[in-house]
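**Q** Use the sequences and the hints to build the structure in full.
Each chain, letter by letter, is given below.
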Amino acid sequence: MNEPAKGQTIEEKQYLVRFKADTRSHLHVLDADICATKCPDKICTIFCPAEVYKWEGIRMHVGYEGCHECGSCRIGCPYENIKWEYPKGGHGIIFRLA
Amino acid sequence: MAEKFDVIVVGAGPAGTSCAYTLAKAGVNVLLLERGEYPGSKNVMGGVLYRKMMEDIIPGFYKEAPVERPIVEQRFMMLDKESALTFSYKGLEWGREPYNNFTVLRAKFDQWFADQAVRQGALLVNETVVLECIVEDGRVVGVRTDRPDGDVYADVVVLADGVNSLLAKSLGFHKEFRPDEVALAVMEVLKLDKKTIEDRFNLEADQGCTIEIFGDATKGILGTAWLYTNKDSLNIGVGTMLSGLIKHKLKPYELLEYVKQHPLIRPYIQGSEQQEYLAHLIPEGGYRSMPKIVGSGVLVVGDAAQLVNAIHREGSNMAMTSGVLAAEAILAAKEAGDFSEKALDSYRVNLMNSFVGQDLQKYKDATHHFEKFPHYFEEYIPLLTRAASQMFTVDGSSKWDKQKKIWRDLGSPGKKFKIARDIYNAWKVMK
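If you're matching them up, the sequences are chains A and B in order.
Heads up, the first sequence is in the numbering used here, so the first residue is 1 and it goes up one at a time.
Heads up, the second sequence is in the numbering used here, so the first residue is 1 and it goes up one at a time.
Please keep in mind that the hints were generated in silico from the structure rather than gathered at the bench.
Take the hints with a grain of salt, since some may be wrong.
[Claimed, not checked] Looking from chain A toward chain B, a few residues come up when the C-beta cut is under 8 Å (computed): (1) Ile-10; (2) Lys-13; (3) His-28; (4) Gly-90.
All figures in this text were calculated on a predicted structure; none of them were measured in a lab.
For each residue, glycine too, the CB sits at the ideal point set by N, CA and C.
**A** Right under this line is the structure:
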């Protein structure tokens, strides 16, 4: 029999990564109204590889602390509604291996 | 009075460090800025580093650098739900000098490489984000960093700030990239006993293997998965065009799990332990997505210039060559005392005449073609695996009958014509 698979969820995967979070977010939704009224798919909540974006019924929660700084949300948001900067020097994700 | 250097290089990845190393070795006063805690801490790649371009910079580097395994076998797997057609080249000449390529772990390798640039005299400053270029009279004269009193000046600024290329964008060298110009890659490093790796991949102790996986690994959308052997770990990842993830509403980490759980992949990684999870973008727009790469007092290199050959999974080697060519252009400009766009343009000319520019031109339509016509992955790979299954299954029917059936299964004459046209078109964009 195969062993039971571990570490499948994004929460478990994110737990493997080292982060040094800044106190302020480097990701900003520019117009909260656009997410609420114009964007039924909320596709950022799907393609973000770290599930940084979570729709909470009425607003977008941005968990910037777990961001891999890949840039997908800035490019993939259909309304160009995300202001994307790098975290302060030395902060954010810290890859240890690959 | 603000500090002034001959050259500021933004980003200590393969492109930036190659440039800084070459300049420092020639006696140029160079500042290498890195936003991470250390070089490599923000960098990700599948894991293959090509020997030639690195050795052009540091001969015999592999004797000291933290490389994992020299690759002696490259497999290409066309994967269906529970079958695969695999093509492989194994050559023991790749296992000895001069070697072809090595797997590397970037957080280790990039630190080592940047350290070599420092030994040549480059000044490396970590934990520093460049917010913008300082422009005076249409000329880049320095950078503004996020440090207090963070303005630094230089004759030339080299932008090696990676795939997002925010600085070149803010100079107007390119527009924001589209989702069909970038691939989103997610990867895991899996710890696995050295001996187990060697048994599973048919390797000796000092040999490595790479597997590129097409088809069902990306559920038919444009992209690839990969499985590479390190010394005592595996890199398994999957990269697809961001536009494909959006169109099919796929979560990248779920796609990675799908690959890991695939019945033909799972046995390779069984019993391994997850060590790290990583996500990064790959610039895959190719030649047509290249920004302007030379301006007055400024050059763009590596991923920031979108220098990736997605078909041959080359990128870090192109980055290194671009870094060296940028350094050489700067040295010539310094000699002439002229850092204008015209004086620095030899970088662009030499880059486009090198393998970097030539290969980008060769495949300039490839990504867009396969992006536009996903049935190469969705339909043709299952068609091939089915044909192989029919041909190799011994069931009492003659080989002629089998061939007839395979031919019949291709579909109507119209369908066959379409396949022939697709093959021709694929050849056309790859030739």
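**Q** None of the hints should be skipped; say for each whether it holds.
**A** Structure-based check of each hint:
1. Ile-10: holds (5 Å)
2. Lys-13: Holds: closest Cβ of chain B sits about 4 Å from Lys-13(A), inside 8 Å.
3. His-28: violated (15 Å)
4. Gly-90: holds (3 Å)
Consistency note: the structure conflicts with earlier hint 3 alone.
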